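Engineer: Single-letter residue listing:
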Amino acid sequence: MEFGTIEREIFVEASPEVVFEVVSSPSHLQQWWPDEAHYEPVAGSKGDIVFGQHGNDAAVVAFTVVEVRPPRTFSFRWTHPAEEPAVPGNSLFVTFDLTPSGNGTLLKMTESGFREMGWDIALLEQQYNDHVTGWDYYLPRLVSYAATARVQQ
Amino acid sequence: MTAAVLDRIDDDLWSAIGDPTRRRMVDLLLADGGGTATTLSDQLPVTRQAVAKHLAVLDRVALVRATPIGREKRYRVDEAQLARAVAQLTSVGSAWDARLQRIKRIAESIQRTKKH
Numbered sequence: 001m002e003f004g005t006i007e008r009e010i011f012v013e014a015s016p017e018v019v020f021e022v023v024s025s026p027s028h029l030q031q032w033w034p035d036e037a038h039y040e041p042v043a044g045s046k047g048d049i050v051f052g053q054h055g056n057d058a059a060v061v062a063f064t065v066v067e068v069r070p071p072r073t074f075s076f077r078w079t080h081p082a083e084e085p086a087v088p089g090n091s092l093f094v095t096f097d098l099t100p101s102g103n104g105t106l107l108k109m110t111e112s113g114f115r116e117m118g119w120d121i122a123l124l125e126q127q128y129n130d131h132v133t134g135w136d137y138y139l140p141r142l143v144s145y146a147a148t149a150r151v152q153q
Numbered sequence: 001m002t003a004a005v006l007d008r009i010d011d012d013l014w015s016a017i018g019d020p021t022r023r024r025m026v027d028l029l030l031a032d033g034g035g036t037a038t039t040l041s042d043q044l045p046v047t048r049q050a051v052a053k054h055l056a057v058l059d060r061v062a063l064v065r066a067t068p069i070g071r072e073k074r075y076r077v078d079e080a081q082l083a084r085a086v087a088q089l090t091s092v093g094s095a096w097d098a099r100l101q102r103i104k105r106i107a108e109s110i111q112r113t114k115k116h
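Protein sequences appear in the order of chains H and D. Position 17 of the first sequence, counted from 1, bears residue number 17 in my numbering, the numbering being contiguous throughout. Position 16 of the second sequence, counted from 1, bears residue number 16 in my numbering, the numbering being contiguous throughout.
Think of the hints as simulated: they come from the structure by calculation, not from any bench. The reader is advised that the hints may include incorrect statements.
Pairwise CB distance ranges (calculated) [as the list claims (entries may be wrong)]:
1. H/S27 x D/T21: 37 to 45 Å
2. D/G33 x H/G89: 46 to 54 Å
3. H/H38 x D/K73: 34 to 42 Å
4. H/V42 x D/D19: 32 to 40 Å
5. H/V60 x D/K115: 34 to 42 Å
6. H/L106 x D/K114: 39 to 47 Å
7. H/E7 x D/E79: 13 to 21 Å
8. H/L106 x D/G33: 54 to 62 Å
9. D/R71 x H/S27: 50 to 58 Å
10. H/F11 x D/T38: 32 to 40 Å
11. H/Q53 x D/G33: 41 to 49 Å
12. H/S25 x D/Q43: 39 to 47 Å
Over the 10 Å line for every Cβ pair with chain D, so calculated as not near, a few chain H residues [claimed, not checked]:
13. A14
14. V60
15. T99
No experiment lies behind these values; they were computed from the predicted model shown. In this text, a Cβ means the ideal position worked out from N, Cα and C, and glycines have one as well.
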């Protein structure tokens, strides 16, 4: 692992088109990450993602779409000051790369910018708690078959 | 939140679910809705005695609860305690692993729907 970059790969048994939709559309994003997502899935769109309920300690975090190339690449920057354009050095940069593989898609995620922004931002990243916790996190790793996972939803 | 959360981590709980055989056992108990040392050992490449020892470890940290049935004990996963363990893992583990698992689940669920 390169210092300051997080890289992950996961195989998804779904077409690149489906996976692309899930990683890029605001309605899906809020299913797997923040409580709310406001942006257009087009390059350059500026918006925000919200962690927590509005009003009560909600964290509103800037979110800018960088590249939208269905069904291969979706990337965005986040954590920049809301009034500033998102550029290297003031934001974390997340890229999803999708590659068709067998009967599914190899999804590669890279998050970089930690080195430029310092490790304080890594701590900050952790503070933006995913709203989904518990079973949703543990069960898919614990139980390898879908039947049980569905029961818990 | 990091330091505070780390402080709260229960070492025993961690080591209890840190063992692959015990994780597999919890997996089987969740899938089957419960089980005994015998039913578990039937599904695992370990002896009934070994399974019983692992169950004792899980019982000690309250991840499973036992009910006597005849000469055996039937075990079920304590979901509240597992959820606590989960919360701790979530705090410390990589947030992206969790997000990607959810992406995977959502995408695969959509894909299954499309096929039908």
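Engineer: Give me the numbers of the hints this structure contradicts, sorted from smallest to largest.
Structural biologist: 3, 4, 6, 7, 8, 11, 13
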